Each structure stands twice: as structure tokens, then as C-alpha cells.
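Student: The chain contents come next:
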Amino acid sequence: MKYYDRLVFELSKPGRIGFSLPEGGADLSAELPANIARQSALGLPEVSEVDVVRHYTNLSQMNFGVDTGFYPLGSCTMKYNPKINEEVVPQFNGIHPLQPACTTEGVNEVYEKMDAALAAITGMKHFTFLPCAGAHGELTGLMLIREYHMSRGDLARTKIIVPDSAHGTNPASAAVCGLEIVVVKSKENGLVDVEDLKPLLGPDIAGIMMTNPNTLGLFEHDIKEIAELVHECGGLLYYDGANMNPLMGVVRPGDMGFDVMHLNLHKTFSTPHGGGGPGSGPVGVADKLVPFLQTPRVSGFHGNFGVILRAYAYILMLGKENVKMAGRLATLGANYIKESLKDCYKLPIPTVCKHEFVFDGLLNDNGVTTLDVAKRLLDYGFHAPTIYFPLLFHQAIMIEPTETESLETLDAFIEVMRKIAAEAAEDPEMLHSAPHNTPIGRPDETTAARQPKLKFA
Amino acid sequence: MGKFCYFPQTEEDIRVMLKRIGVASLDDLYSDVPADFMYKGEYDLPSAMSEQQVREYFEGLASRNPKLKCFVGQGAYDHYVPSVIPYITSRSEFLTAYTPYQCEISQGTLRYIFEWQSMICALTGLDVANASMYDGPTAAAEAMRMCVASTRKRNSVIVAASLLPIVLDNIRTYAKYAGINVVVSESIAEDVAEGVLDLAGVIVPSINRYGVVENHDGLAELVHSMGALLVEYCDPSALAVLKTPAEWGADIAVGDSQSLGIPMCYGGPYVGFMACTQALMRKLPGRIVGQSTDASGKRCFVLTLQAREQHIRREKATSNICSNESLMALWCTVYLSLMGPEGMRKVNALSYENAHYLYSELLKTGKFEEVFPDQTFLKEFVLQPLCDVEKLQKALLDAGYFAALQTEEGWVTFCATEKHSREEIDALVNIVKEI
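Quick note, the sequences are listed as chains A and B, same order.
For the record, in the first sequence the residue sitting at position 285 is 575 according to our numbering, with numbers rising by one throughout.
For the record, in the second sequence the residue sitting at position 140 is 145 according to our numbering, with numbers rising by one throughout.
Heads up, a few of these hints could be off.
With a cut-off of at most 27 Å between alpha-carbon atoms, the simulated DSSO-like pairs for lysine-lysine come out as follows [said to hold, decoys possible]:
#, chain 1, residue 1, chain 2, residue 2
1, B, 321, A, 415
2, A, 373, B, 72
3, B, 45, A, 475
4, B, 45, A, 743
5, B, 74, B, 438
6, B, 74, B, 396
7, B, 8, A, 373
8, A, 636, B, 181
9, B, 45, A, 514
10, B, 72, B, 438
For the record, the hints were derived by calculation from the structure and aren't laboratory data.
Note that the structure is a prediction, hence the values are computed from the model and not measured.
Construct the complete structure from the given sequences, taking the supplied hints into account.
Tutor: If you want it as C-alpha cells, here you go:
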């Protein structure tokens, strides 16, 4: 990757244009009353078309994507994004979201078939496709839980239980939904402590948010008992689908007793993450919540249809024949890396994992931190794993390979991770200042936050 | 196991990996799952298709949505999409990247977000913008939450009844569960002046659901005198020619950037924007990119002010938003780069001309009456129909036009953009004449 240091504003030259529009147009300075017309100049760049194309091509070359290389970012499921998914979208671009149903038969079929497919994979009854991302799905799911309790006049249920290992979005979504968060602790083995849970349950509990497998990549095998306990107290179970990938084709959340869940189509269903969206976070519910499914209006029209289309293309390619291998192969890859590196990196919980697992830094760290390891990986052409999450371990390195990576890729990653462990013993200073081969080195984040410069001026 | 093009493992690879792990079969990796949870049935899914079958299937689906000429807005606008944009946004270095957590290999994403923030500030006139929201309606709901969080012990918001229905729906939904008191107002200035005791914010549209450009003269002063914040919901495309939220004195601006060159695509993906004054910077939801330098002094860009966000603050975060609509923000950034100040003005001038031509030609048919004769509109307007609306809509649809969507009041809405030609508009009007 080469360093390119321009902003599009810096390419601007008065008089240049990059657009091609028909002749004509009203004289707005005469037509618009002065008291509602813009007074200030519009500070946009003036550049030609080729300037724009080269500028953004240069920017793209400072970026690393799944198509560039291995992206073992834990809890993000950075699997390969098939190209046929992209190809199907443009032919639907011209459809206005408020067109009558009789003019959108093809679109309607996508929603119907996706509803059925996701229900089959998860054991839920029906889905709403309005949520635009995972956290948006969480929020919607919690709204549905509240709607259910309110419909029964059960107004005291204002608390939600969240494990200490949960994704940060869980408590944040609960807060946006007006729920009070009650934290349930994990045991030493990384699983929810059922004994800690029991006294929390009562008539004020709306439900529990569970991630299963959890953020340590461990299957919560007490889930049956947890589901019974929560249901007995009148609460509902929410399933955070961010970690659904290892269960796809293996276990259905609905069968485990979950009442509401979201899926991240941009994780489990192969749609590209786009540098931070667009995603799609459809929410599925069990029978008793179906009547409320359309109540929360959480986005403008019909959710991110373009993303839903891509996920549907993936499901059609996968089919019932291959779906059973997706989760299993993802789990295979994670366990293979874990077993291949546990003599160099601290493995706090040595049991079988699912799609991801967590190391707690180097076994012999020699002062080298998880951040140093992550930055050094960039030098070797790999994206870094998720680091310093979950919070249960101070030097957490969370690795998720997904099922779309070959044995050769996993072996190459393992070799580099071992090499970094050796470098830590020999030359820790070099690791503290890594990366060395990237367009920029480590940034000064403190100044960025203390004296924020957030726009071109 | 059959072979599948997205799974690179051979049978031999699987054997090697299982051996290293020390288990005999793939299902042994699920020994921690209670046996009765292992799904033993066949999944009720279609059989795997070949790529060609998938392509043909979607072509078939697409052909079942008749291609219509679109003359409706209401939050999704049929503006022209320059050919450059999809070529840039489909570059896989942008498309297949995650959120730019590792800034050393994400300078592409971080730089375009910084440019996006700068352009949103240019359009709105405000000081700070975030990396994006899901869409306009959710951005409005987040702005409501921001008002409540930024004012002390205040929990009421007055929202204009003239906001788009989809915006009101989202505001009501978010407010309901958060316990925020929403007052939907027909006459904002009066209701604000009347003095809602714990007023946190006021949300008004720049262009309302009837297409009318609203005049907010004096509103900001009034709202501020009540100790509350003013939020303006805007069409960012129109801000190129309309008085900006900053010029009206608003504290927060939100809206949907779909009008900046994003295809309608049945409602998404779009991208919401949010901008605010410097004073509210640390209350913004979502990601923000800032400029910095690396150890050797090179200019670089990083995610900053992260102490507001869910992965750090959990339930105390300003919002739960995590993934946003980054690639769609790139879409708009490329659009605005191509258009520049002159192109943005021209898009508005052409849309204005077409919409006003359509408006006067429709009135000439004698089938409509004016609803807001003395008000200014840009590209969207409503008329009172004097004919049977169902018949009108059906005749238009049969001729390949999506137009004359009915409002709650029984009026019909139309919208024209720079994409429409005189011939298209004349043909539409001729259909109306014949009803």
C-alpha cells in the first residue's frame, strides 16, 4: 500500500466541473424568495471527473478488505463476499419504496422467500426486515419484548439481564429502549453463572440478552436451564445473532428456547461490510410475538432492501445442501488456529470453541502487548483480530477465521503469529513501534481527541 | 460432503485439521451442545443453485417489477446517478472492508468519511458531522434523543406535524420506549411560546411533507429562549439553494442523503446524516473521524471521540449505533465531489423548472386545485384532486407512471427532478387530461 496524502478539497480549482446535466433550469436567484434562500457559499470541491476517479482509486489503495486478505476479526464474521450478490442488485435500483404492491411482485417475493429461509435456519416464526444493522436489530427486538409485556398489562418488567461478556451494543440498545440493565456474571469457565442469575429473576425482569456462542466463542451449554428459569419468571430470551455463524446449519436458536433474535446479514449471510455498513439486522420472533412484529417503525421504508437481496442470492447459492457445512467449517477453522498457537499465546479457557476464541496475550510477553501483536500482523499482510474485547481478559485477542478460508491461509497466519511470538522474545522494541510497512505508522490518537479536527477547513 | 465454491476445504484438509485438534469428526466440535439441540432434520431451503441459475432467477424477479417513470418523492427521490459512483463504491477495498478500527490499513475509509463530514458541514453550515446514520427517519429519532440528553431534566419534544410521515413514525417509536413525551404540533411557534415545561427540543422540516419550503424566521430565538434545542430535518440536495440550518439558527440538522445520488432501490440502503454545533459535539451519536499525525509526522485520519460510543461506554453511550451506512456515505461523497457547488445548484434549478412546469400543466387540465397557492416549493408539491383518485392512479400506472400518491388529507403528491424530460411530463399530463 502506498501513502497518498490528498483530500478531494485540495484538488479543487474554480471553474472545473465533474458533472454532465441537461441544459436549462430555472433562475433560482430570481425564483426563490431571499428570506428562504441560501446566503453562504457552498464549500464543495470543483474537480473534473477524472480527478474524482483517480482520487478515490488512490484512497481505496490504502484500504484492506476481505478481497485483499485474511481478516480474522472476532465477532465480525468477515467471510468472503460473493460477487454474484453484487450483480443482482442494480436491476432493482429504479423501484420507489412507496410503489403499490402490484408493481413490486418481484420485490415482494424476495421478502417472502427470505422470511421463510431465515425462519428455517433459525427456528423462528417470522422476521421483520426494517432494522438496518445488528444493533438496530437488538433495539427492535427489545421493543418487541416490551410490546409483548405491555400488551399483557405486565408493566413492571423494566429490567433486562445482560451478561458481563456481552457485546457493547447489548447494554447500549437496552438503554435506548428505556430498559434498566442488570449484569449477570460469567464463571471462570467463561459461561453465564446460573447461580448468579437465579436471584436476579423476578417480576421486574423483561428478559435476558444472550449471545450463544458467547463472545469468548463458547457455547452456553446451560442454555436449556437458563431458558426455563427466565421463562418461569415471566421473562423472554433475546438471541444476539452476531455470533450465529457457527450455528448456521447446526443448531437453531428457536429450538434452544429463544423468543426473539436478530441476524446480521452482513456477517452470517455474506453481504459486504462496506467499511461500516450498510448492514441489515432482520429480527425474528417466536409465535407469541408475531402479532407485534410490525409495531415498531424503526426505519423509513422497508429496511436495507439492497442488502437483503444480496443475502438472498447467497442463500440460493448455499442451498439446503451446503448450509449444514457453513457453521461446522467455521468452527473447524477456529479450533485449528487455537490448537496451533496455544503453546505461544495464553489460552485462558482451553475447551473446544465455536467460530471464534480468545487468547489473553503472549505466553512470554516480554513487555509486548496485544496491541503490538495486532499492529505487527498488519506488516505481514493480515488484518488484526479484534483486540481488548471481551473485557474479561486484559490482553484479549479474539480470532475468528470463518469457513471461507483455506488451510493454506490459516497455516500462513499461524506461521506469522508464531514468528511474532519469536520477535517478541528477541526484539520487543521493534514490536512496540509496529507497523513498519503500512502507509502510515501508529497515529497520535490523544491529540486527535483533545484538539479535534473533524472537517476540512 | 459435496464441493462448494465458497468453501475451500478439501476432504484431506478437513482430516488434517481434525487431527491437529484431536477430534474424530466435525460434530465432535459440538460436544458441548446438548444433543437434542443439534438439528437433525433437513433444512426447509431451496436446493443449491448454480451461479447461472441464480443470475437468471433474479433477472426473472426483476422483470416482474414493471419499470415505471417515477414522479413521487415523500422521502425517496429519483435523481440522476452519475456513472462514476458505482465504479468507485464497488472497489472491493472499500466494499469488503470492516469499520476502520485498524487505521494504518484503513486510511481510504477514514479519509472519505472525513470528506463526507466536511461536505455535510458545508451543506448544513454547522460545525460537526458524524460518519453517518442508518437513514433520515432514524437520524431524526436520534436527534430527539440528543436533545433530551443535552438539556437538563427535560423530557419533551415538540415535532412539526408537517414532517414526513415516515419521520414522525420513527420519532414516535423511539420516544415510546424511551419514555420521551412527543407533542405533534400544527403550529410550532404558538406551541413553543405556550411553554411546555420540560421542553428539550423542537424538530421542524426544512421542506415539509407537502413539498413546501418552510419559513423558520425567529423560531431558533424562541426555542432557545425556552432553553431547548432546534433540530431541522432537511433534504441535503436542496440545502445547496435553501437557507441552511445554521442560517436559521438550528443546533442540529438531520436528514436522508438518498437525494445525493443514491438509487431508490425500494427504500434502502440509504444513509442518514447528522450535524450539530460545536457545543454539542460530545453528544453526537455514532462514529466520528478526526485528523491527526503518525509518529513520523505524516497526516493521517483516525476514529476519534470514541468515549461517546457503545464499545467503550456500553449503556452510558450516546447511542447504540455501531455499523452505520459507511459505503453509502462514500456514495454521496463521490456524488458531491462530481457535482460541486455548480452542479448542485443546477440539479435544483432543473428540478425546480420541471416541477413547476408539471404543476402548471396539471392545473391547466382542470382536474386539480391548488392547496398552497402562496407557498414556495422546489421539486415536490401537493394538489387537491377534482377527479377520482383511484382512476387517476390506475391510468397513470397503466401508462407506466408512478405519480399522484394520495396523502392522509386526500390530496395527491407529485415530484419532478432533473431526470425528467419535457416529453415525459407532457405525456403524463396527457394521460391526466384523458381521465
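Student: Does the alpha-carbon distance linking residue 8(B) and residue 373(A) stay inside the 27 Å limit?
Tutor: holds (18 Å)
Student: Keeping to a limit of 27 Å between CA atoms, is the pair of residue 72(B) and residue 438(B) held or broken?
Tutor: Roughly 23 Å between the alpha carbons, so the hint for residue 72(B) and residue 438(B) holds.
Student: Straight-line Cα separation of residue 45(B) and residue 475(A) no greater than 27 Å?
Tutor: violated (33 Å)
Student: Taking only the CA atoms, is the gap from residue 373(A) to residue 72(B) under or equal to 27 Å?
Tutor: holds (25 Å)
Student: When you check the alpha-carbon spacing of residue 74(B) and residue 438(B), does it fall within 27 Å?
Tutor: holds (18 Å)
Student: Taking only the CA atoms, is the gap from residue 45(B) to residue 514(A) under or equal to 27 Å?
Tutor: Distance ~18 Å between residue 45(B) and residue 514(A) Cα, so the pair holds.
Student: Are residue 74(B) and residue 396(B) close enough, with their CA atoms no more than 27 Å apart?
Tutor: holds (18 Å)
Student: Taken at face value, is the distance from the CA of residue 743(A) to the CA of residue 45(B) at most 27 Å?
Tutor: violated (56 Å)
Student: Check whether the Cα positions of residue 636(A) and residue 181(B) lie no farther apart than 27 Å.
Tutor: violated (47 Å)
Student: Holds or violated: residue 321(B) with residue 415(A), Cα cutoff 27 Å?
Tutor: violated (33 Å)
Violated hints for the displayed structure, listed by number in ascending order: 1, 3, 4 and 8.
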